[in-house]
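Based on the sequences and whatever the hints tell you, model everything.
Chains as they are written, first to last, in full-length UniProt numbering: chain A, 1 to 277; chain B, 1 to 277.
The set of hints was computed from the structure by calculation and includes no laboratory data.
Treat the hints with care, since some could be wrong.
[As the list claims (entries may be wrong)] Computed list of lysine to any residue pairs in SDA-like fashion (alpha-carbon distance at most 20 Å, straight line):
(1) 38/B x 56/B
(2) 191/A x 105/B
(3) 38/B x 130/A
(4) 226/B x 127/B
(5) 5/A x 56/B
(6) 5/B x 55/A
(7) 131/A x 185/A
(8) 191/A x 218/B
(9) 131/B x 197/B
(10) 191/A x 94/B
(11) 5/B x 47/A
(12) 3/A x 218/B
(13) 38/A x 6/A
(14) 185/A x 154/A
(15) 185/B x 164/A
(16) 191/B x 47/A
(17) 5/A x 36/A
(18) 191/A x 102/B
(19) 5/A x 8/B
(20) 3/B x 43/B
(21) 185/B x 214/B
(22) 5/A x 131/B
(23) 191/B x 218/B
(24) 131/A x 196/A
(25) 185/A x 167/B
(26) 191/B x 100/A
(27) 5/A x 130/B
(28) 130/B x 47/B
(29) 130/A x 62/A
(30) 5/A x 39/A
(31) 5/A x 27/A
Number of protein chains: 2
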Amino acid sequence: MEKWKRSARLVDMTQQLLSQPYRLVPLTTFAERYQSAKSSISEDLAIIHEVFSSEGSGRLETVAGAAGGVRYIPQMDLDHARQVLDEICERLANPERILPGGFLYLSDLLGEPWLLSHIGKIFATAFAGKKIDAIMTVETKGIPLAYATAQYLQVPVVIVRYDYRVTEGSVVTVNTVSGSSRRMKQLSLSKRSLEEGSHVLIIDDFMKAGGTVRGMIDLLAEFKAKVVGVGVMVETPAEEQLIDGFVSLTQVTEVDVKKREISVGLGNLFMEKEERS
Amino acid sequence: MEKWKRSARLVDMTQQLLSQPYRLVPLTTFAERYQSAKSSISEDLAIIHEVFSSEGSGRLETVAGAAGGVRYIPQMDLDHARQVLDEICERLANPERILPGGFLYLSDLLGEPWLLSHIGKIFATAFAGKKIDAIMTVETKGIPLAYATAQYLQVPVVIVRYDYRVTEGSVVTVNTVSGSSRRMKQLSLSKRSLEEGSHVLIIDDFMKAGGTVRGMIDLLAEFKAKVVGVGVMVETPAEEQLIDGFVSLTQVTEVDVKKREISVGLGNLFMEKEERS
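Now the structure itself:
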């Protein structure tokens, strides 16, 4: 194998690191791949780190020692996150989203890979530094969001079902009251999908009173799992809030079906931690 | 703004291109961003293209002229795809996947971001060059696969539902016979999720007789949409096959519940097009 030039190494390393966030890559792996000295690899990594961090798009973390190496930590700085969320807010405010009953149509936003990838990176930044073994969401609309976040945190996604499916094996089921429909709902999670004692991040698309998220937390208690955070894309105020300390990206404060107006703002991500409801 | 060094440009351009597959970026965008001559940008792009294509991980396509620019086309060469799918086959063959009734537990595989991202790239490679406006899948397990593929093709995902939800607005509903449960099922798609006449790629996790995919094709007919392809992760032979010309990544030929054995092989992706059932 031939020695790689620096220019080719930089392109290839950037690609390799971006494709596996949080994974520790030993410097020897790179040194062998490129037939280059570790000192050259270290210089390359310094250049990559400098570009990522000055662009606010992430950073490289170096771990010293025999078991050491380098890992890519994805990040999105608050300015960029605000730009993305301002755009989402603008699109959320489109009165054509209003459905009978005052519900909002969100499926178009939740189907756009560009937007999902950005939201995933925002959530990954918000919950960076926490020990996370898995991301939990509930079918159906939460799934793309959870998956987008999981790609940046490189942890598996577990999906809670509203109804039992034969393809899930044994399940644990809890009851919860859905805030939006005021009906009892069952939430089920396959027993084999989550190890006992896991640290779990909950991600969902929409939260009002938080009945569904409450149900997921109850379900996690059955697995003796620890909830390390709750992130929702759209929060809408409720008289009785069942959840504390969640992170919301946007807030829909009012849907006026008659006037066909939607009041939208940024979520509590931009507040200090203490101010979050 | 300062002129960027080549090394920093290469890292940043690689990141930019990878994050937006198929999007045409004008050379002037790069030239202005880096305060560099177009000739230097062209040299950078040649280096990136060379690394991507020699690693079999994609290529850059240059479009000449005033409206021209460069776009990143993600690809995974067949050797690499085979490695990934061999690993998936090995994991599929684990007898612990066998559920009562001979069903297979797949949710763990469909929750792993690393694996999903690779499968997404394999599907994106298999259907590259086709005009695709949207990817369609059915809830629940198809969603992560569809989304992973959509990230590499940069097209939106539309999700077919088994039951009508208030948050979908008006829907079109068709009936279909599910092969695995031999029962009639309803499939619904929100009217506003797909424009009439769209070119649609169908992606799903599992296919036996193809009843669900058949239902999706019927649903697409209601939208006057064109099916440009069907891709499934796991195919299992059925006496009566309702679908022609699909692409499968793996094949589960037998699940012996008594002996606790699963027979798994590569799908028809590796066959010549004419040989596909």
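Do the hints match the structure? See the list:
no.	hint	in the structure
1	38/B x 56/B	violated (26 Å)
2	191/A x 105/B	holds (11 Å)
3	38/B x 130/A	violated (43 Å)
4	226/B x 127/B	holds (14 Å)
5	5/A x 56/B	holds (18 Å)
6	5/B x 55/A	holds (15 Å)
7	131/A x 185/A	violated (30 Å)
8	191/A x 218/B	violated (35 Å)
9	131/B x 197/B	holds (12 Å)
10	191/A x 94/B	holds (17 Å)
11	5/B x 47/A	holds (10 Å)
12	3/A x 218/B	violated (55 Å)
13	38/A x 6/A	holds (13 Å)
14	185/A x 154/A	violated (30 Å)
15	185/B x 164/A	holds (15 Å)
16	191/B x 47/A	violated (49 Å)
17	5/A x 36/A	holds (9 Å)
18	191/A x 102/B	holds (18 Å)
19	5/A x 8/B	holds (15 Å)
20	3/B x 43/B	holds (16 Å)
21	185/B x 214/B	holds (12 Å)
22	5/A x 131/B	violated (37 Å)
23	191/B x 218/B	holds (14 Å)
24	131/A x 196/A	holds (15 Å)
25	185/A x 167/B	holds (16 Å)
26	191/B x 100/A	holds (14 Å)
27	5/A x 130/B	violated (35 Å)
28	130/B x 47/B	violated (27 Å)
29	130/A x 62/A	holds (18 Å)
30	5/A x 39/A	holds (14 Å)
31	5/A x 27/A	holds (17 Å)
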